[in-house]
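Take the sequence shown: its position 77, counting from 1, is numbered 81 in my numbering, and each next residue is one higher.
Among the clues, some could well be false.
[Unchecked claim] If you anchor each label on the Cβ, the simulated ranges turn out as follows:
no., residue 1, residue 2, range
1, 98, 192, 30 to 38 Å
2, 117, 210, 24 to 32 Å
3, 179, 215, 47 to 55 Å
4, 123, 170, 29 to 37 Å
5, 130, 162, 37 to 45 Å
6, 186, 92, 44 to 52 Å
7, 192, 153, 53 to 61 Å
[Unchecked claim] Mimicking DSS-like on lysine-lysine, the simulated pairs with C-alpha atoms at most 25 Å apart in a straight line are:
no., residue 1, residue 2
8, 124, 193
9, 104, 193
10, 168, 155
11, 126, 112
12, 168, 105
13, 70, 126
14, 133, 167
15, 142, 159
16, 167, 155
17, 168, 133
Since the hints were made in silico from the structure, they are not lab data. If you're wondering where the values come from, they're calculated on a predicted model, not measured in any experiment. Idealized CB from N, CA, C, for every residue including glycine.
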Amino acid sequence: GLAPRVAAAVGALPPCNGTALALASSRRELSLSAGCLQLERKRRDFTSSGRFATQQAEIIVSALVKILEANMDIVYKDMVTKMQQEITLQQIMSQIANVKKDMIILEKSEFSALRAENEKIKLELHQLKQQVMDEVIKVRTDTKLDFNLEKSRVKELYSLNEKKLLELRTEIVALHAQQDRALTQTDRKIETEVAGSIFTCLTVALGFYRLWI
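Between the sequences and the hints, there should be enough to build the whole structure, so can you do that?
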């Protein structure tokens with residue numbers, strides 16, 4: 005009967021395997037032509053055998069052709085060509101390259117700023133140490149000069165100078181501790197930025213991998 009042949013004709017349709025659009029169109033035309041020829045031959049057989057009238061056979065053939073066309077539209081509607089796949093892949097790779105470039109620029113700018121800040125702090129610390137050393141040398145020189153003038157006064161000045169030295173040393177220790185804390189925070193910030201950059205790269209790579217899978 006007609007049902008098995010129509011089912012066979014529909015089953016002979018090419019699967020959606022991502023072939024080129026031109027090849028898909030050619031197969032569609034060949035399939036429709038073959039289906040129409042088979043339906044026309046069956047229409048003649050039914051007409052000659054007296055089972056259906058000509059008008060009835062034409063209506064049946066027209067309905068079956070529409071069914072075939074609808075099935076072909078459904079099959080080829082979601083097809084993607086190899087060229088479209090390559091274009092999409094190139095767009096994704098371009099976006100990933102842009103993200104990597106932005107991340108590298110941001111990382112370099114952050115590291116440059118942190119490096120400049122560290123250099124500035126080191127320079128200030130060196131200047132402060134030099135000032136302290138100059139002050140100590142000056143105090144010791146004054147003490148030696150005054151020592152020959154008056155011993156008692158020298159002792160008082162020496163005690164006062166020692167007190168100043170102790171305060172200066174305390175300030176140096178405090179500044180050194182503050183500098184160590186600042187350097188530690190800077191190192192942690194650098195490690196956090198690096199870890200964040202690596203995690204972002206891994207996230208983007210994982211997302212691309214999932215999309216690719």
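So, going through the hints one by one against the coordinates:
no.: 1; hint: 98 / 192: 30 to 38 Å; verdict: holds, 35 Å
no.: 2; hint: 117 / 210: 24 to 32 Å; verdict: holds, 30 Å
no.: 3; hint: 179 / 215: 47 to 55 Å; verdict: holds, 53 Å
no.: 4; hint: 123 / 170: 29 to 37 Å; verdict: holds, 30 Å
no.: 5; hint: 130 / 162: 37 to 45 Å; verdict: violated, 28 Å
no.: 6; hint: 186 / 92: 44 to 52 Å; verdict: holds, 49 Å
no.: 7; hint: 192 / 153: 53 to 61 Å; verdict: holds, 55 Å
no.: 8; hint: 124 / 193; verdict: holds, 17 Å
no.: 9; hint: 104 / 193; verdict: holds, 20 Å
no.: 10; hint: 168 / 155; verdict: holds, 19 Å
no.: 11; hint: 126 / 112; verdict: holds, 21 Å
no.: 12; hint: 168 / 105; verdict: violated, 55 Å
no.: 13; hint: 70 / 126; verdict: violated, 83 Å
no.: 14; hint: 133 / 167; verdict: holds, 18 Å
no.: 15; hint: 142 / 159; verdict: holds, 17 Å
no.: 16; hint: 167 / 155; verdict: holds, 18 Å
no.: 17; hint: 168 / 133; verdict: holds, 15 Å
Hint violations for this structure: numbers 5, 12, 13, all remaining hints satisfied.
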